[in-house]
Amino acid sequence: VRAILRRRKHIETSTNSVIHHISDLTIDPGSREVTINGQRLSIRTQEFELLLTFVRHRGFVLSREKLLELAWGYDFAGQTRTVDVHVGNLRKKLAISQVRIETVTGIGYKLVVD
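Each step along the sequence shown adds one to the number in my numbering, with nothing skipped, and position 14 is 14.
Worth flagging that the hints you see were computed from the coordinates, not collected in a lab. Where a beta carbon is used, it is the ideal one built from N, C-alpha and C, also for glycine. Among these hints, one or two may not hold up.
[To be verified] Pair ranges (Cβ atoms, derived):
no.: 1; residue 1: Gln39; residue 2: Glu65; range: 11 to 21 Å
no.: 2; residue 1: Gly88; residue 2: Ile22; range: 15 to 25 Å
no.: 3; residue 1: Asn37; residue 2: Gly106; range: 31 to 41 Å
no.: 4; residue 1: Ile19; residue 2: Ser42; range: 14 to 24 Å
no.: 5; residue 1: Gly106; residue 2: Glu33; range: 29 to 39 Å
no.: 6; residue 1: Val18; residue 2: Arg40; range: 11 to 21 Å
no.: 7; residue 1: Asp114; residue 2: Asp84; range: 19 to 29 Å
no.: 8; residue 1: Arg40; residue 2: Gly106; range: 30 to 40 Å
no.: 9; residue 1: Gly59; residue 2: Asp84; range: 19 to 29 Å
no.: 10; residue 1: Glu33; residue 2: Lys92; range: 33 to 43 Å
Whenever a hint applies, use it, and build me the whole structure from the sequences.
So, in structure tokens, the structure goes:
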């Protein structure tokens, strides 16, 4: 079931080929590429979906549950630690960027630009 949802999500994302530019970060949903100052970033599928979700909801605080739903389509009743792990990975990869993911204590995360 999750594989079908991922494929469906991939098709939906691919058809929405609006390229997002935020400061030095560029995200191209059509080619599924992320660059910082023109330098291609190696990023996993779930990290890409999560980053794209942050970009599409820039400035909004998103709970872990909402991120699971928006990024991966999960109606998730269990642990939400998977979001924390992927946010940690993204933070490392975005360390050279002016874009970062900020923790909002007790609520969730939001994308900010320095």
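Against the structure, the hints:
1. For Gln39 and Glu65, the hinted distance range of 11 to 21 Å is not satisfied, since their beta carbons lie about 33 Å from each other.
2. The beta-carbon spacing between Gly88 and Ile22, approximately 20 Å, falls within the hinted interval of 15 to 25 Å.
3. Distance hint check for Asn37 and Gly106: the Cβ-Cβ separation is about 34 Å, which falls inside the suggested range of 31 to 41 Å.
4. The supplied range of 14 to 24 Å is met by Ile19 and Ser42, whose beta-carbon atoms lie about 19 Å from each other.
5. The hinted range of 29 to 39 Å is satisfied by Gly106 and Glu33, whose Cβ atoms lie roughly 34 Å apart.
6. A hinted range of 11 to 21 Å for the beta carbons of Val18 and Arg40 is consistent with their spacing of about 19 Å.
7. The beta-carbon spacing between Asp114 and Asp84, approximately 22 Å, falls within the hinted interval of 19 to 29 Å.
8. For Arg40 paired with Gly106, a C-beta distance near 36 Å keeps the hint of 30 to 40 Å intact.
9. The given range of 19 to 29 Å is respected by Gly59 and Asp84, whose C-beta atoms sit roughly 21 Å from each other.
10. Between Glu33 and Lys92 the Cβ separation comes to about 18 Å, which falls outside the hinted range of 33 to 43 Å.
Of the numbered hints given earlier, the model fails hints 1 and 10; all others are met.
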